[in-house]
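Visitor: Note that the protein sequences, when read in sequence, are chains A and B.
All residue numbers for the first sequence refer to the numbering used here, where the first residue is 1 and numbers rise by one.
All residue numbers for the second sequence refer to the numbering used here, where the first residue is 348 and numbers rise by one.
These are calculated hints, taken from the structure and not from any lab test.
Mixed in with the good hints, there may be bad ones.
To be verified - Not the full set, but computed from the structure, chain B residues with beta-carbon under 8 Å of chain A:
no. : residue
1   : G485
2   : L498
3   : R501
4   : A561
5   : Y563
6   : P567
These numbers were taken from a predicted model, which means no experiment stands behind them.
Backbone N, C-alpha and C fix where the C-beta goes; we use that ideal spot for every residue, glycine too.
Number of protein chains: 2
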Amino acid sequence: MGHDMLMVGVDGGGTATRAVLTTRDGSGIGYGVAGRGNPISAGVEQAIDAVREAVRAAVASSGRAMSDVSVIVACLAGQTASGAGAELLRVRLGEDGFSGTLGFESDLLATYFSGTAADSGYAVVSGTGACAIRVEGGRIVATADGLGWLLGDRGSGYWIGQRVAKAVIRDLDDAGPATGLTPLLLEAVGIDPFGIRSPGAEGRPVALEQLVAALYARAPIVLSSFAPLAFRSVDDPVAADILRRAGEHLADSLVAVLADRGPLVIGGGVLSRPGPVRAAFHRRLGDGAVREVVPVDDGAVGAGLLAMRAGGCPIAQDRLGRLAETVAHVRRSLVHDPPPRASGAIL
Amino acid sequence: MGHDMLMVGVDGGGTATRAVLTTRDGSGIGYGVAGRGNPISAGVEQAIDAVREAVRAAVASSGRAMSDVSVIVACLAGQTASGAGAELLRVRLGEDGFSGTLGFESDLLATYFSGTAADSGYAVVSGTGACAIRVEGGRIVATADGLGWLLGDRGSGYWIGQRVAKAVIRDLDDAGPATGLTPLLLEAVGIDPFGIRSPGAEGRPVALEQLVAALYARAPIVLSSFAPLAFRSVDDPVAADILRRAGEHLADSLVAVLADRGPLVIGGGVLSRPGPVRAAFHRRLGDGAVREVVPVDDGAVGAGLLAMRAGGCPIAQDRLGRLAETVAHVRRSLVHDPPPRASGAIL
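Between the sequences and the hints, there should be enough to build the whole structure, so can you do that?
Guide: Set out below in structure tokens:
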């Protein structure tokens, strides 16, 4: 043991953090999962904990030791090597027995390299948040949106979920069209849909007051959990309109960073499947703007490639292929991380 | 002492809570102020504390005792007599020596009756939040918007402040027009505007990253504190457009509840002064929709009238006039509550 160089790439996502342990030749030999790892939405401390836990799990799953790892690259939203959490993560990983090199990359770049080894191209990621990037020379050179739920993320799961909530409120308030989203949302938040039009105080139905109170009792970002209600209601005109506008917003974000033709990697559940969002996205984008479209489940494989790059192994298509295949194999052998699509979750 | 019936009306506002102590004939003989009293934005516990403190201050300012008070009416957003906080407030006021009747009304109705004694009419309130109501027979019978910062409040101080932030982000990101709001907002959040275009990571200027981080470090509702930047920039096309749209949203909310002609009471700082919001509001509304427009500073006097009504004294124009005059007199005598306009705050 310990005779070859091992590297770990970590993709800190909004709902889960994934770590890939790889050899120099691009064989994924370990894999680990932990909780929320986005320093912006989950907080720096929680993201650091998730990175540590995922790394330890990946190393443990391979039967190797932390001291065998020479490079760790953490792909985290907004985190830089000089950021607040960088030194803390270094210390914590040191406590776990790691004495190698720690690097940082963007989680968006990890998503990009999960789908292509091309050193120039694009990624559009729409999960809980939404962002478009242009990659040149293996680095992000332009970014559109990705501004978070409060200031942007147009076309994201949050954006869709918030529009679902607003559409249902307008329906209940007689201020907008009736929609099949209304009984679905009321059920989702635990409000009895029986007699939803019965009048309450101040000229509004009881269900409206209950819904507004229920939504404010949750964290704002939880609105993203209502996006699947729109995907379940594509025949409903109100839901279809929300999904169409989401696709258009995502296309607009991509257009804002477009230059030369290149591959487009699609991350996150909103755009990953055929349907109204994807159709509106391509309609708005037009033909010829991108060379190929590659959907990916997450940024785990790309994080592994970025760790290999940091360890001196340039990113190349054959390495991506080998890593993706071996990681998929290791992943299937671990019961605690079912493939994202099978779970029915879209985010 | 204690030979006549005293009543206290309390207006729980988003930034301050005001209590008026009145006699049966409508003479304001006591006045008290406390902190945030909106149970939805400040939380039920904090609102209850603010109501208690304002009531105690009002009673103390008159030299009377809590046991002399026979009726208290708390005008609070979303609070009903059967609501979670009602029993707790009853218990707390009992501990303070109150053994009379406690009633609840909407804070919006308190604003309405601060401006008119007419039993039918309208109020549009736009401060931190935004709402329109129709009053008939002295009760609120229809409400538009008032859905809070996350789900509505279009045309509110929060709405304006969020648009200011988004416009500045678009400017810094080269995704929208340049605006004079940019240096104002950067200064307001403590970012050095020197070299604001200098490039940072991922193809974006350093100032953009700093601004986004600074905004997420604050509570979302704090965005409302940037609304005054738009009011200071009425000659800037971007700011003027935001203010115009705010006025139109407020007019749309009023139109949604309009029926017969009636007086219109205007509460909150966004619409209270002449300027682009007010102009757009009236342009959108058209002539003849409302009978007269009465701006009010807050809901204190109306809360006092509602307390009198609960004590058996019907609301009438002469009582409103007397109460407004005497409350203004008591208020001027208290150094701790300068008139809202003089402070320069708009919310």
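Visitor: When the hints from earlier in the document are held up against this structure, which numbers fail?
Guide: 1, 3, 4
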